[in-house]
Amino acid sequence: MAKQEWRLLLTGDMSAFDNMALDEAVLRCVAAGASPSTLRFYGWEPSAVSIGYFQGIEQEVDLDVCREQGVDVIRRLTGGGAVFHEHGSEITYSLAVKDDYPGIPKKVLDSYALLCAGLVAGFRRLGLDAEFKPINDILVNGKKISGNAQTRRFGGILQHGTLLCDVNPHLMFSLLKVPSEKIRDKLIAGVEERVTSIRREMGTVDNAAVIQAMCAGFAEVLDIRLSPGTVSDEELALAERVKEERYANPTWNFKR
Amino acid sequence: MPTQPGTSNADIRCGDYKAVGGKLLRVRMTVSAGSRPVIQALRITGDFFMHPEEAIEDLEQLLTGAPLDEAALRARVQTFFDGEVQVVGADVDDFVAVLLKAA
Chain A
93 MAKQEWRLLL TGDMSAFDNM ALDEAVLRCV AAGASPSTLR FYGWEPSAVS IGYFQGIEQE
153 VDLDVCREQG VDVIRRLTGG GAVFHEHGSE ITYSLAVKDD YPGIPKKVLD SYALLCAGLV
213 AGFRRLGLDA EFKPINDILV NGKKISGNAQ TRRFGGILQH GTLLCDVNPH LMFSLLKVPS
273 EKIRDKLIAG VEERVTSIRR EMGTVDNAAV IQAMCAGFAE VLDIRLSPGT VSDEELALAE
333 RVKEERYANP TWNFKR
Chain B
467 MPTQPGTSNA DIRCGDYKAV GGKLLRVRMT VSAGSRPVIQ ALRITGDFFM HPEEAIEDLE
527 QLLTGAPLDE AALRARVQTF FDGEVQVVGA DVDDFVAVLL KAA
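Line order of the protein sequences matches chains A and B. Under my numbering, the letters of the first sequence match residues 93 to 348, in that order. Under my numbering, the letters of the second sequence match residues 467 to 569, in that order.
Extracted from the complex, chain A is given alone in its bound form (with noise of 0.2 angstroms):
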């Protein structure tokens, strides 16, 4: 059987509003046939907080220390916990396939294994000794360095996630909301223990080199050819709909 083609999307850097107005906009187009299977990656500026579908944005962010950062503050279309996507340190990915595409388990759980496996895939290829955590991690060496979030709307699989190139665990914590101070050292000192960074495993980042590895392990996990392309009239015009009716607004930013 001839392997799947999908669509690499490289997008670059681009505000918190703008990159989840754009995951949205083509998971509808891959979920309504308009596009193909498609693999995106990008990053964040100015830097953002992400919070989780459910969270409480007032309970999880310190909205005054962002705005004094230069920090925007998103809810996301996906359950999970308070992310800092630190402009420079992060590659994001995102992955969009129709829910009924072929091998993909319909039971959520079961599809992080699947999906997440693309991505151990790739750091193994960088040299990294990677492997799946469940629910929804993956850990090089036994710490974590990347997090990944699911949803399935619209008739489609939206899986989106972190690739830390480096930790910023001062700043991080200085950005969300934390019980006490003492709580807040003893969080700093859990996520030095317990995250990495490709950075800290491989002395460098280089961002091409990792996009590559990372297209290699889907492409090999999957059964699939990667072939770069473009975003469509259709997705840009819905993603500019998508940002004022849900991520630039902050009906939906304060829901919760």
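Be aware that a few hints might be false.
Label pairs and their calculated CB-CB ranges [unchecked claim]:
| no. | chain 1 | residue 1 | chain 2 | residue 2 | range |
| --- | --- | --- | --- | --- | --- |
| 1 | B | Gly481 | A | Asp298 | 45 to 53 angstroms |
| 2 | B | Pro518 | A | Pro194 | 16 to 24 angstroms |
| 3 | A | Leu328 | B | Ala521 | 29 to 37 angstroms |
| 4 | A | Asn233 | B | Val486 | 23 to 31 angstroms |
| 5 | B | Thr496 | A | Val157 | 17 to 25 angstroms |
Computed footprint of chain B on chain A; a stretch qualifies when at least three of its residues, placed anywhere within it, have a C-beta under 8 angstroms from a C-beta of chain B [said to hold, decoys possible]:
| no. | segment |
| --- | --- |
| 6 | 136-149 |
| 7 | 187-201 |
| 8 | 239-247 |
Calculated directly from the structure, the hints in this document are not laboratory data. These numbers were taken from a predicted model, which means no experiment stands behind them. By construction, the Cβ of each residue, glycine as well, lies at the ideal position given by its N, Cα and C atoms.
Chain A is already provided as a structure; the job is to place chain B on it using the hints.
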């Protein structure tokens, strides 16, 4: 602090609970006064996953009006889990536990 009419006897309660897998569940609820208190309103937040996501509102709706005892809460949470929803990172026991913690 001024008292809002109709809520003077209600009381706001909060609780956090960490599920076995590490996900955090948080509940904030308004509970009626009296010998058999019921949940008047509640909001469940946290870093778990639920598919479809909007189902969280059904769960909150189901729990509104529930008396604050374990059997009643468990029955309602179980009803929710018996539906089409997929919850990842927390189970029936975890949701019951966070509700009891807040109660």
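Now the hints, each set against the structure:
1. Gly481/B x Asp298/A: 45 to 53 angstroms: holds, 46 angstroms
2. Pro518/B x Pro194/A: 16 to 24 angstroms: holds, 22 angstroms
3. Leu328/A x Ala521/B: 29 to 37 angstroms: holds, 31 angstroms
4. Asn233/A x Val486/B: 23 to 31 angstroms: holds, 25 angstroms
5. Thr496/B x Val157/A: 17 to 25 angstroms: Since the Cβ atoms of Thr496/B and Val157/A sit about 30 angstroms apart, the hinted range of 17 to 25 angstroms is violated.
6. 136-149: Our answer is that it holds, as 5 residues pass the Cβ test (under 8 angstroms) against chain B, meeting three.
7. 187-201: holds (count 3)
8. 239-247: holds (count 5)
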